[in-house]
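*Asks:* Next come the chains, spelled out residue by residue.
4 protein chains.
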Amino acid sequence: MPTTDQPPLTAFALNCSLRGSGSDEKSSTDRMILDLLEAMRPHGITGEVERVADHDVKPGVLSDMGPGDAWPALRSRIIAADIFILGTPIWLGHPSSIAQRVLERLDAFLSEVDDRNRMPAVGKVALVAVVGNEDGAHATHAACFQALNDVGFTIPPNSGVYWVGEAMQGKNYVDLDKTPDAVASSLQTAASNTAHLARLLKRNEFPGTD
Amino acid sequence: MPTTDQPPLTAFALNCSLRGSGSDEKSSTDRMILDLLEAMRPHGITGEVERVADHDVKPGVLSDMGPGDAWPALRSRIIAADIFILGTPIWLGHPSSIAQRVLERLDAFLSEVDDRNRMPAVGKVALVAVVGNEDGAHATHAACFQALNDVGFTIPPNSGVYWVGEAMQGKNYVDLDKTPDAVASSLQTAASNTAHLARLLKRNEFPGTD
Amino acid sequence: MPTTDQPPLTAFALNCSLRGSGSDEKSSTDRMILDLLEAMRPHGITGEVERVADHDVKPGVLSDMGPGDAWPALRSRIIAADIFILGTPIWLGHPSSIAQRVLERLDAFLSEVDDRNRMPAVGKVALVAVVGNEDGAHATHAACFQALNDVGFTIPPNSGVYWVGEAMQGKNYVDLDKTPDAVASSLQTAASNTAHLARLLKRNEFPGTD
Amino acid sequence: MPTTDQPPLTAFALNCSLRGSGSDEKSSTDRMILDLLEAMRPHGITGEVERVADHDVKPGVLSDMGPGDAWPALRSRIIAADIFILGTPIWLGHPSSIAQRVLERLDAFLSEVDDRNRMPAVGKVALVAVVGNEDGAHATHAACFQALNDVGFTIPPNSGVYWVGEAMQGKNYVDLDKTPDAVASSLQTAASNTAHLARLLKRNEFPGTD
Chain C
1 MPTTDQPPLT
11 AFALNCSLRG
21 SGSDEKSSTD
31 RMILDLLEAM
41 RPHGITGEVE
51 RVADHDVKPG
61 VLSDMGPGDA
71 WPALRSRIIA
81 ADIFILGTPI
91 WLGHPSSIAQ
101 RVLERLDAFL
111 SEVDDRNRMP
121 AVGKVALVAV
131 VGNEDGAHAT
141 HAACFQALND
151 VGFTIPPNSG
161 VYWVGEAMQG
171 KNYVDLDKTP
181 DAVASSLQTA
191 ASNTAHLARL
201 LKRNEFPGTD
Chain W
1 MPTTDQPPLT
11 AFALNCSLRG
21 SGSDEKSSTD
31 RMILDLLEAM
41 RPHGITGEVE
51 RVADHDVKPG
61 VLSDMGPGDA
71 WPALRSRIIA
81 ADIFILGTPI
91 WLGHPSSIAQ
101 RVLERLDAFL
111 SEVDDRNRMP
121 AVGKVALVAV
131 VGNEDGAHAT
141 HAACFQALND
151 VGFTIPPNSG
161 VYWVGEAMQG
171 KNYVDLDKTP
181 DAVASSLQTA
191 ASNTAHLARL
201 LKRNEFPGTD
Chain F
1 MPTTDQPPLT
11 AFALNCSLRG
21 SGSDEKSSTD
31 RMILDLLEAM
41 RPHGITGEVE
51 RVADHDVKPG
61 VLSDMGPGDA
71 WPALRSRIIA
81 ADIFILGTPI
91 WLGHPSSIAQ
101 RVLERLDAFL
111 SEVDDRNRMP
121 AVGKVALVAV
131 VGNEDGAHAT
141 HAACFQALND
151 VGFTIPPNSG
161 VYWVGEAMQG
171 KNYVDLDKTP
181 DAVASSLQTA
191 ASNTAHLARL
201 LKRNEFPGTD
Chain B
1 MPTTDQPPLT
11 AFALNCSLRG
21 SGSDEKSSTD
31 RMILDLLEAM
41 RPHGITGEVE
51 RVADHDVKPG
61 VLSDMGPGDA
71 WPALRSRIIA
81 ADIFILGTPI
91 WLGHPSSIAQ
101 RVLERLDAFL
111 SEVDDRNRMP
121 AVGKVALVAV
131 VGNEDGAHAT
141 HAACFQALND
151 VGFTIPPNSG
161 VYWVGEAMQG
171 KNYVDLDKTP
181 DAVASSLQTA
191 ASNTAHLARL
201 LKRNEFPGTD
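The listed protein sequences derive, respectively, from chains C, W, F and B. Its first residue numbered 1, the first sequence is counted upward by one per residue in the working numbering. Its first residue numbered 1, the second sequence is counted upward by one per residue in the working numbering. Its first residue numbered 1, the third sequence is counted upward by one per residue in the working numbering. Its first residue numbered 1, the fourth sequence is counted upward by one per residue in the working numbering.
If you are wondering where the hints come from, they were derived from the structure by calculation, not from laboratory data. C-beta atoms are modelled at their ideal positions from N, C-alpha and C, and glycine is treated no differently. One or more hints might be untrue.
What the hints assert, rightly or not - For lysine-lysine, the following BS3-like pairs were computed, each having C-alpha atoms within a straight-line distance of at most 27 Å: (1) F:171 with W:178; (2) F:171 with C:58; (3) W:26 with W:58; (4) W:171 with B:58; (5) B:26 with B:58.
Claimed, not checked - Some chain B residues judged to face chain C by a derived CB distance under 8 Å, without partners named: (6) 93; (7) 135; (8) 136; (9) 137; (10) 138; (11) 139; (12) 162; (13) 164; (14) 165.
Same shape as in the complex, but just chain C (with noise of 0.2 Å):
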């Protein structure tokens, strides 16, 4: 049974999506996000999603572009929850170039270390949510693991969670008549994994180096 007697955890996603919460098509990636924060609940983690195409995220790796630039606002989300969900497409067998956009907004961390070398991600968890109606998954993972690793995440243990149909059917994660029980079983994995990890990370802050 889930540890809800822990203390609270929050997560923040963001989902990568081309298209605008204002779009007619239902997202994919969206469903699959609130699957994983469904099975995050039972384990104290609360969460919040924003599409990332709603607002005006410009390019370029600093962390504030200047004048409209909609990435401090998320940025500050990032850097207040617990744990971080980016939540991508796979277009062409890639993360999405709004996923891309994620990962050179957050390259500004590299350089904005605190006095004990600590990026602003380090003792932070995240995980990768990925969806597409065929092929790419492990791909898009290992792109998005890299990059985050890089910027100073810790990565969970099986926490790239996906979905893929089958080759060129074209089929749609979010038309599914129910979450598949493969991919159920694995938001469970991860869920407890990354409660796990986050709380153990949250009360032993990595030391840093001189």
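Fit chains W, F and B to the known structure of chain C by using the hints.
*Replies:* Positioned in the frame of chain C, the structure of chains W, F and B alone reads:
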């Protein structure tokens, strides 16, 4: 100052160079692994390295591929250690064929779960140490992190260590007069983060799922 | 000696730098593209470059995403040229978010086949020009070649041109005193192969399928 | 109707399955390669397949790694053919360790240029045939295309053929009742494009550079 009063930790490194240790040429991958272990020592981590090319690791995706297979002995040393270091050269921008073979053998972990659905690597920390004479480190980290995450390892922040030279210049890490400052600093950070995370996970098991 | 008596060819290059051409900083990607076009000129290839960040290319996977979308104009220049050059910087080891956006827009080609099942790019040749201050060129080539192949381009031999500096050193291609010999030589080879292949394909259409 | 009155072409395929041909289990990679060769036949292409796991291909990056090395014989068949097919299963989202070994051995082409700076693969066409029970085809294409381009092959449009099943379902291509229509159609396109391009390049050599 490093936390030498902490309980000791063990690391096991596989050097996935294409050449065996009997080769006349010195291994850049070996030097990178040794530099990393050196950076880990003040944190109470003692390590061992094995050159995979010295062993007859059979192709396959089971933990034991039968008579003559050297993998079971290497696997048991991964299991015995707190920290796993996957060290690989870059060939054509990718992890070496020997590194990919190691990942294929680790794939067996996916079905070797205990009664709490935990793979054998859950609770262990993994780092990826990469060298090449040019380009390919981040892609090699990406491929390895994704696979290691998939089979249950936890990835500490900034744990992809590497060196590559300028494009098409052919310089080798093993031939550098001294370890570049940027590399030395990254090894310190990786060592510190790894020690902290591995100790936390050793004292606090992932609970797994029903 | 280059084949200047051959019929002329045209190249169109997209520079996927995160910065617009009004930026104070010079673009390394721009220099690489110009060096490549310079190497192509003796082969009877004339080229144009456009900075994608100067245009409002909307997110999406259709050829026209509606009012204000700058993609249709860029797309028509890709269609009009014999050769397409995708030029991108490396960010976090990946093609830039703007390069990924270009690929997403090209994804529409998959369904825009003619009566012989040929996508609009079939018969055109593509090259990928990559720069970064360190690491990531081969992975960026890989991601782009796979996507460009998927949408119908033909890839000539040795057509991934690039420069990256030593790991974690921060040098920029645009700041080099001269083009390194190895880069210059690779540009010559890419230019020669591209000219030969593009001429062949221009005179000899892919027949397509029923 | 296919161009059977055209001069014949030859294809040589390497099946990079982890299992040798003596295995009890049928190879999905084998079936994909055979389906591709079948689609090529009406275009006047005759092909042969070899299972790499049946041969003792030594690790290394030279064309001959000494006594007992089976690579030189396989290499000479690549050299003799007009078309090279790299067929590989997906393991952990990547080309198999045996496919990576083949690429490492092809790396020797980089220094085996003729007096016009042409690598042995220049003028030859390459395809990549990939199967997995789930996910990883596009990433495998990407890694292989980039490497094959690097060593001199020309990549025809739409030449990454593949099949993968739904995420985490474990279905195998070799167990499908019939080749899915989408796969069959992609094989037709790849075969047609390959035949056209290989004939053009056979009659019209790349000129190389001084």
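*Asks:* Now tell me, hint by hint, if it's right for this structure.
*Replies:* Evaluated hints:
| no. | hint | result |
| --- | --- | --- |
| 1 | F:171 with W:178 | holds, 20 Å |
| 2 | F:171 with C:58 | holds, 25 Å |
| 3 | W:26 with W:58 | holds, 25 Å |
| 4 | W:171 with B:58 | holds, 25 Å |
| 5 | B:26 with B:58 | holds, 25 Å |
| 6 | 93 | holds, 3 Å |
| 7 | 135 | holds, 5 Å |
| 8 | 136 | holds, 5 Å |
| 9 | 137 | holds, 5 Å |
| 10 | 138 | holds, 3 Å |
| 11 | 139 | holds, 4 Å |
| 12 | 162 | holds, 6 Å |
| 13 | 164 | holds, 5 Å |
| 14 | 165 | holds, 5 Å |
In this structure, every one of the numbered hints holds.
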